[in-house]
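J.: Sequence:
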Amino acid sequence: RTLWKLAAPTFVPAGACQLVALLSQLAIPVMVMKLLGAVENSLTSSILNEALPYVLGIFFLSITNAFCMHRYQFRSYQSGIVIRTAVTSAIYEKSLRLSPQGREG
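Mapping the sequence shown onto my numbering, position 104 (from 1) lands on 104, and the numbers just tick up by one.
The hints are simulated quantities; they were obtained by calculation from the structure and are not laboratory data. Predicted model only: the values in this text are computed from it and were never measured. The beta carbon of each residue, even a glycine, is placed where N, CA and C say it ideally should be. Do not rely on the hints blindly, as some may be mistaken.
The following label-pair restraints were derived from C-beta to C-beta distances [to be verified]:
1) TRP4 <-> VAL32: 18 to 28 Å
2) VAL12 <-> THR85: 13 to 23 Å
3) LEU96 <-> PHE60: 48 to 58 Å
4) GLN25 <-> LEU98: 46 to 56 Å
5) VAL39 <-> PHE67: 23 to 33 Å
6) PHE67 <-> VAL32: 15 to 25 Å
7) LEU22 <-> ALA90: 25 to 35 Å
8) PRO53 <-> LEU22: 42 to 52 Å
9) THR88 <-> LEU56: 39 to 49 Å
10) THR2 <-> PHE60: 36 to 46 Å
11) SER89 <-> LEU26: 34 to 44 Å
12) VAL32 <-> SER95: 54 to 64 Å
13) GLY15 <-> SER95: 25 to 35 Å
Can you make the complete structure from the sequences, with help from the hints?
T.: Written out as structure tokens, the structure reads:
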């Protein structure tokens, strides 16, 4: 319970960033499929008008994916540091409270 209270402020946003990154990763192949369909079906000179939204979509999805993955990794490392510090502190406090007989083994 205490670890959750410590890690939640960084862990929950990390999960949200991971979700957005995953959704953008899944959307990129769909956009590529739509782009290829638009290119194959376009016989006129309006290929630019039909393909440009898909190209821009792929570009912005790639940027979103990269940004969200970076934020996810950063927040995950923050959560790990907080949890490691809390566990180390708890072990150290427990070792200070041990009796001399408990320290011997």
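J.: Take the hints in turn and mark each one as holding or not.
T.: Going through the hints against the structure:
1. In this structure, TRP4 and VAL32 break the distance hint of 18 to 28 Å, their C-beta atoms being roughly 40 Å apart.
2. Between VAL12 and THR85 the beta carbon distance is about 19 Å. The supplied range of 13 to 23 Å therefore holds.
3. Checked against the hint of 48 to 58 Å, the pair LEU96 and PHE60 passes, with Cβ atoms roughly 54 Å apart.
4. For GLN25 and LEU98, the hinted distance range of 46 to 56 Å is satisfied, since their beta carbons lie about 49 Å from each other.
5. Between VAL39 and PHE67 the beta carbons are some 28 Å apart, a value that agrees with the proposed interval 23 to 33 Å.
6. Checked against the hint of 15 to 25 Å, the C-beta distance between PHE67 and VAL32 comes to roughly 20 Å, which is consistent with it.
7. At about 33 Å, the beta-carbon gap between LEU22 and ALA90 stays in the expected band of 25 to 35 Å.
8. A hinted range of 42 to 52 Å for the beta carbons of PRO53 and LEU22 is inconsistent with their spacing of about 23 Å.
9. Range check, THR88 to LEU56: Cβ separation about 48 Å, and the 39 to 49 Å hint holds.
10. A beta carbon spacing of about 40 Å between THR2 and PHE60 agrees with the range 36 to 46 Å that was offered as a hint.
11. Judged by the Cβ atoms, the range 34 to 44 Å given for SER89 and LEU26 holds: they are separated by roughly 40 Å.
12. At roughly 57 Å, the beta carbons of VAL32 and SER95 sit within the given window of 54 to 64 Å.
13. The hinted window of 25 to 35 Å between GLY15 and SER95 holds, with their beta carbons roughly 33 Å apart.
When the structure is compared with the earlier hints, violations turn up for hints 1 and 8 and for no others.
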